[in-house]
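Chemist: All chains should be modelled from the sequences, with the hints used to inform the complete structure.
Residues per chain, in single letters:
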Amino acid sequence: EAEVAQSPRYKITEKSQAVAFWCDPISGHATLYWYRQILGQGPELLVQFQDESVVDDSQLPKDRFSAERLKGVDSTLKIQPAELGDSAMYLCASSLDSRPGTSGGRAKNIQYFGAGTRLSVL
Amino acid sequence: GENVEQHPSTLSVQEGDSAVIKCTYSDSASNYFPWYKQELGKGPQLIIDIRSNVGEKKDQRIAVTLNKTAKHFSLHITETQPEDSAVYFCAASKGSNYQLIWGAGTKLIIKP
Numbered sequence: 005e006a007e008v009a010q011s012p013r014y015k016i017t018e019k020s021q022a023v024a025f026w027c028d029p030i031s032g033h034a035t036l037y038w039y040r041q042i043l044g045q046g047p048e049l050l051v052q053f054q055d056e057s058v059v060d061d062s063q064l065p066k067d068r069f070s071a072e073r074l075k076g077v078d079s080t081l082k083i084q085p086a087e088l089g090d091s092a093m094y095l096c097a098s099s100l101d102s103r104p105g106t107s108g109g110r111a112k113n114i115q116y117f118g119a120g121t122r123l124s125v126l
Numbered sequence: 032g033e034n035v036e037q038h039p040s041t042l043s044v045q046e047g048d049s050a051v052i053k054c055t056y057s058d059s060a061s062n063y064f065p066w067y068k069q070e071l072g073k074g075p076q077l078i079i080d081i082r083s084n085v086g087e088k089k090d091q092r093i094a095v096t097l098n099k100t101a102k103h104f105s106l107h108i109t110e111t112q113p114e115d116s117a118v119y120f121c122a123a124s125k126g127s128n129y130q131l132i133w134g135a136g137t138k139l140i141i142k143p
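Same order as they appear, the protein sequences are chains A and B. FYI, in the numbering used here the residues of the first sequence are 5 to 126. FYI, in the numbering used here the residues of the second sequence are 32 to 143.
Just so you know, the hints here were simulated from the structure itself, not pulled from any lab data. Note that this is a predicted model, so its numbers are computed, not measured. Among these hints, one or two may not hold up.
[Stated by the list, open to error] DSS-like cross-link-like pairs, simulated, lysine-lysine; straight-line CA separation at most 25 Å:
hint, chain 1, residue 1, chain 2, residue 2
1, B, K89, B, K99
2, B, K99, A, K112
3, B, K138, B, K102
4, B, K73, A, K82
[What the hints assert, rightly or not] If you want the footprint, here are the derived chain B segments under chain A, 3+ residues with CB under 8 Å:
hint, segment
5, 68–74
6, 129–140
A virtual CB, placed ideally from N, CA and C, is assigned to each residue, including glycine.
Modeler: Structure (structure tokens):
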């Protein structure tokens, strides 16, 4: 069964350092999401891509976070510099196609998640 | 914007008994309501979903009910088993961009 791949699984860094997370969505999925999940809470959307374009990055702290999906396939989320409050699970998800009006029915809604990257900032 | 509240935060049930988790949403335009299960160290996994044109949906031991008037939906798990122990999240979205607004999660504990 196809899966969303994320790496690394765990990352420990010191504050003020740069960190990067990588995500490879399910083949053929046009929409890619990055979420942050703090322990004991639901996922919070950071950025949504449709192919290589950003659909929504309103919740992305742009002073330190950046995300790219240059060829519309895999994606990288970067934090520079990392702060203590960035310690969390970073989840990547993909779905078939989030564009309104395109075919796909129920399958369009379903988001498939990777195992996440657990970030600890010391 | 949309807000999703989920209760209870922790639910402990005896193996074999039923478990019910409830969510309310605020935006009447929301029309898609998935439930995700998250096991320790893993990403959330979809277990069942429902659209606003349906009142109830079942899949073996799992069912979801939706009350559009009251703006709440519930997850029902019957004949609970140890492998049902996990954190369950409800979510809601509208059709414009399929973004999910998530509840805070319910930790389900199945006692042997």
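Chemist: Need the status of pair K89/B, K99/B: alpha-carbon distance at most 25 Å?
Modeler: This hinted pair holds, its Cα atoms lying about 18 Å apart.
Chemist: Holds or violated: the segment 129–140 of chain B covered by chain A, criterion of 3 or more residues with Cβ-Cβ distance under 8 Å?
Modeler: As far as the segment 129–140 of chain B goes, the hint holds, because 7 residues have Cβ atoms under 8 Å from chain A.
Chemist: Hinted pair, alpha-carbon criterion (25 Å max): K138/B, K102/B. Please report holds or violated.
Modeler: 22 Å, holds
Chemist: Within a Cα-Cα threshold of 25 Å, do K73/B and K82/A meet the stated pairing?
Modeler: 21 Å, holds
Chemist: Against chain A, does the segment 68–74 of chain B show at least 3 residues with beta-carbon separation below 8 Å?
Modeler: Since three or more residues must qualify, the claim that chain A covers the segment 68–74 of chain B holds, with 3 doing so at under 8 Å.
Chemist: Going straight from one Cα to the other, do K99/B and K112/A come out at no more than 25 Å?
Modeler: 22 Å, holds
Checked against the numbered hints given earlier, this structure breaks none of them.
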